[in-house]
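Residues per chain, in single letters:
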Amino acid sequence: GAVVSQHPSWVICKSGTSVKIECRSLDFQATTMFWYRQFPKQSLMLMATSNEGSKATYEQGVEKDKFLINHASLTLSTLTVTSAHPEDSSFYICSARSLGHSYEQYFGPGTRLTVT
Amino acid sequence: AQSVTQLGSHVSVSEGALVLLRCNYSSSVPPYLFWYVQYPNQGLQLLLKYTSAATLVKGINGFEAEFKKSETSFHLTKPSAHMSDAAEYFCAVTDPTGNQFYFGTGTSLTVIP
Chain A
1304 GAVVSQHPSW
1314 VICKSGTSVK
1324 IECRSLDFQA
1334 TTMFWYRQFP
1344 KQSLMLMATS
1354 NEGSKATYEQ
1364 GVEKDKFLIN
1374 HASLTLSTLT
1384 VTSAHPEDSS
1394 FYICSARSLG
1404 HSYEQYFGPG
1414 TRLTVT
Chain B
356 AQSVTQLGSH
366 VSVSEGALVL
376 LRCNYSSSVP
386 PYLFWYVQYP
396 NQGLQLLLKY
406 TSAATLVKGI
416 NGFEAEFKKS
426 ETSFHLTKPS
436 AHMSDAAEYF
446 CAVTDPTGNQ
456 FYFGTGTSLT
466 VIP
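Protein chains in written order, with the working numbering: chain A, 1304 to 1419; chain B, 356 to 468.
Mixed in with the good hints, there may be bad ones.
The calculated lysine-lysine pairs, modelled on DSSO-like cross-linking and capped at a C-alpha distance of 30 Å, are [as the list claims (entries may be wrong)]:
{"#": "1", "chain 1": "B", "residue 1": "K404", "chain 2": "B", "residue 2": "K423"}
{"#": "2", "chain 1": "A", "residue 1": "K1358", "chain 2": "A", "residue 2": "K1323"}
{"#": "3", "chain 1": "A", "residue 1": "K1344", "chain 2": "B", "residue 2": "K423"}
{"#": "4", "chain 1": "A", "residue 1": "K1367", "chain 2": "A", "residue 2": "K1344"}
{"#": "5", "chain 1": "A", "residue 1": "K1369", "chain 2": "A", "residue 2": "K1358"}
{"#": "6", "chain 1": "B", "residue 1": "K413", "chain 2": "A", "residue 2": "K1344"}
{"#": "7", "chain 1": "A", "residue 1": "K1323", "chain 2": "A", "residue 2": "K1369"}
{"#": "8", "chain 1": "A", "residue 1": "K1344", "chain 2": "A", "residue 2": "K1323"}
{"#": "9", "chain 1": "A", "residue 1": "K1344", "chain 2": "B", "residue 2": "K404"}
Simulated restraints, written as ranges between beta carbons of each label pair [claimed, not checked]:
{"#": "10", "chain 1": "A", "residue 1": "Q1363", "chain 2": "B", "residue 2": "I415", "range": "30 to 38 Å"}
{"#": "11", "chain 1": "A", "residue 1": "Y1406", "chain 2": "B", "residue 2": "M438", "range": "30 to 38 Å"}
{"#": "12", "chain 1": "A", "residue 1": "G1364", "chain 2": "B", "residue 2": "L373", "range": "36 to 44 Å"}
{"#": "13", "chain 1": "A", "residue 1": "I1315", "chain 2": "B", "residue 2": "N416", "range": "32 to 40 Å"}
{"#": "14", "chain 1": "B", "residue 1": "H437", "chain 2": "A", "residue 2": "L1329", "range": "28 to 36 Å"}
Hints were generated in silico from the structure; no laboratory data involved.
Small disclaimer: the values here were computed from a predicted structure and weren't measured.
The C-beta atom is built at its ideal place from N, Cα and C for all residues, glycine as well.
Could you put the whole structure together from the sequences, leaning on the hints where they help?
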């Protein structure tokens, strides 16, 4: 149980284009989803927290107009990187928190974004 | 406020030797503590978690960790390292609300044959 999927697992896009990453909770309802960014050989950095049906809360220093987050349902959150640039290349990981386990986050497998 | 410190960004052990990965936390409230493993280009896999029950927590793949409040530590151990244990390990802390996870900087474990 408590499986989180991400799609795509890797994506290459050209500079200036936008790319959307999906995060789905497959067997539970996720009231809250989190988006993290991980640079090579570094830890995870929380980008934003999203609650179903409301606006995401962004961490300090994260551009909300660049990283658009939509949590439209209890099983789906999307992260759209708009006007991507090479410096946006990174590993993006989402996690989800279920109704029944308020303290625990279940992590997705990650999405490798490369902007050329 | 919470934070996590992982001492040693790189740890090397011989196959069959004891694995010890260190994690110290800082928390103003009773913490919930986690250890995750990450293989290259993959997400985080939960090894074990402490949620205020037994202080010695057993996880998957033979790993265990002991919560020591007096030392504010939650070190991860495994009696005998296996080649497949080579990976990146992250310690994390949150409070009972789970509103925010704080991750350590990670420890890269190398297992020498």
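Q) For this structure, which hints from the list above don't hold up? A) none
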